[in-house]
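Given chain X, put chain R in place with the hints provided.
Here is how the chains run, residue by residue.
Protein chains: 2
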Amino acid sequence: MAANLKIFQASQVTDFQDWSRDVAGNMERTLESLLPASNTAPTRLHDAMRYATLGGGKRVRPMLAFAAGLISNADPERVRIVASAVEIIHAYSLVHDDLPCMDDDVLRRGKPTCHVEFDEATALLAGDALQALAFELIANFKLADSAETQIKMQQLFARACGSGGMAGGQAIDLANVGKQITLPELEFMHILKTGALIRASVLLGAYCGTALSEADLAQLDRYGKRVGLAFQVVDDILDCESNTEKLGKTVGKDQDANKPTYVSLMGLAPAKQFATELLQDALDALSGFGDRAERLHQLAEFIVRRQH
Amino acid sequence: MAANLKIFQASQVTDFQDWSRDVAGNMERTLESLLPASNTAPTRLHDAMRYATLGGGKRVRPMLAFAAGLISNADPERVRIVASAVEIIHAYSLVHDDLPCMDDDVLRRGKPTCHVEFDEATALLAGDALQALAFELIANFKLADSAETQIKMQQLFARACGSGGMAGGQAIDLANVGKQITLPELEFMHILKTGALIRASVLLGAYCGTALSEADLAQLDRYGKRVGLAFQVVDDILDCESNTEKLGKTVGKDQDANKPTYVSLMGLAPAKQFATELLQDALDALSGFGDRAERLHQLAEFIVRRQH
Chain X
1 MAANLKIFQA SQVTDFQDWS RDVAGNMERT LESLLPASNT APTRLHDAMR YATLGGGKRV
61 RPMLAFAAGL ISNADPERVR IVASAVEIIH AYSLVHDDLP CMDDDVLRRG KPTCHVEFDE
121 ATALLAGDAL QALAFELIAN FKLADSAETQ IKMQQLFARA CGSGGMAGGQ AIDLANVGKQ
181 ITLPELEFMH ILKTGALIRA SVLLGAYCGT ALSEADLAQL DRYGKRVGLA FQVVDDILDC
241 ESNTEKLGKT VGKDQDANKP TYVSLMGLAP AKQFATELLQ DALDALSGFG DRAERLHQLA
301 EFIVRRQH
Chain R
1001 MAANLKIFQA SQVTDFQDWS RDVAGNMERT LESLLPASNT APTRLHDAMR YATLGGGKRV
1061 RPMLAFAAGL ISNADPERVR IVASAVEIIH AYSLVHDDLP CMDDDVLRRG KPTCHVEFDE
1121 ATALLAGDAL QALAFELIAN FKLADSAETQ IKMQQLFARA CGSGGMAGGQ AIDLANVGKQ
1181 ITLPELEFMH ILKTGALIRA SVLLGAYCGT ALSEADLAQL DRYGKRVGLA FQVVDDILDC
1241 ESNTEKLGKT VGKDQDANKP TYVSLMGLAP AKQFATELLQ DALDALSGFG DRAERLHQLA
1301 EFIVRRQH
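Here the protein sequences line up with chains X and R, keeping their order. Under this note's numbering, the residue at position 180 of the first sequence is numbered 180, and the numbers go up by one with no gaps. Just add 1000 to the spot in the second sequence (first one is 1) and you have this note's numbering.
The set of hints was computed from the structure by calculation and includes no laboratory data.
Derived PhoX-like pairs: lysine-lysine, alpha-carbon spacing no greater than 25 angstroms straight-line:
1) X:Lys259 x X:Lys179
2) R:Lys1152 x X:Lys142
3) R:Lys1179 x R:Lys1272
4) R:Lys1225 x R:Lys1272
5) X:Lys272 x X:Lys225
6) R:Lys1058 x R:Lys1259
7) X:Lys152 x R:Lys1152
8) X:Lys152 x R:Lys1142
9) R:Lys1259 x R:Lys1272
10) R:Lys1058 x R:Lys1272
11) X:Lys142 x R:Lys1142
12) X:Lys259 x X:Lys111
Extracted from the complex, chain X is given alone in its bound form:
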């Protein structure tokens, strides 16, 4: 029985790795085809957009969209578009976040950051154009059974990107540098900065399929919120514990920059405990979905247990 259970778990894990590789491969091919070609003008801008988006990243947000799509039996052709849109927004946010006037970072995903590889102006414009491209995608493709639902998806998506979402979170992050802030203030920042787009990934994936009840959507949103926060807590833990080579980005930056983190505010062990609690709550939110939520379940575990 114990042996059987182990095999079952092992097979589950292998299975998840295969699945996540599939998603990452699908994403790479999809993004490759959706991004403007390198040989069309303006070529340098398009090169920078491709450089910032292709060939790297954990593709966590696309995985969340695909996994949530399984809840509503969504057409993968639709999900790959919303997943691309979300990933493109994520890529643009990293490009702008790495700029000298922001985090001034030179290394990202094991490669020189966009403004180092190209130049600041090109990186700025590549980020701007990527944001527009993401919105173009969710307007250009049919993503829901009705145009009304698609417009609802666009509303949710735009809100997640703006001053009440990701961009707002980055502004608060910036304002927090060197400040004494409380845990609720840190949480508010992260709920906007990374949480908004992660929640959007989950909901947008789900919206690509058959209509879900308000109650189901609320549980998915609860899952997305917990996973988004757990993602950040784990990021802080890894930034404290890992090394630059493994993480593919400069490590210890947060501490150097005197940025408040879950580790600096709670301590390492309580931060780990908090991540575990968030994981449990995320999994609880899935309890009503049965087998359809298997990938979301595995993803939450992956996000909290990852080593980079």
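Coordinates of chain R only, in the frame set by chain X:
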């Protein structure tokens, strides 16, 4: 007869001034209410977004949207949303364009530029959040009789903002600095950089009303293209002839920056002649619309004849 004609013209001019003041006033109130409030978090970001958008600008793009809306008998409640979205994109583009890594400008609309008044990171994020807000607006409000038409408007809008539109034009503009380029190359840059959003303003305003024929839309697009180009030619002429106080932005920058302009490539008199030809072609495009095109007609004249 001659006297009557003069009175008629004078009354037309006064009438246009009243109308454009009305549009500007409507825009200011609308933007004021659509932008996130100064007292909601993140307040500094919201202040910067408001600073960059409110209290200035010629509001040419909103005027084009309102004037084009008259062609299709559009509901002004819809037009003011698309006009706001377009103006917000314009405002964000100026904020990013003025950044040190781009044009490095300190004066805009007679005020310190956004990064001078706030700081570079805040200006960067304010631009990013403004772009997201514009897309949120065209998703949040009902702008067309059918959701399908609204999605078509979103496609057109996003394309005008991205690497095949405004952001792409800025990238080409940047790449052109110090280079010998041809007139067609200069035109290609401007058709993207300012032309795309101006054309979008016209078409979006028209789409807010009753459906127009493809032929009518094509004429409106021809009008938008000519007016967009004329706008830039006149900008170059003014940058060469005017003074900083009158223009409210640093003058002679283009020449200082060794940027190719219509004046530098054609000479002053031929550039003026070219602007007049573009104006005539824009007016010709309106010939089938009769009285409904009166405001578009006046606007084209205004754009070419303006002194700042």
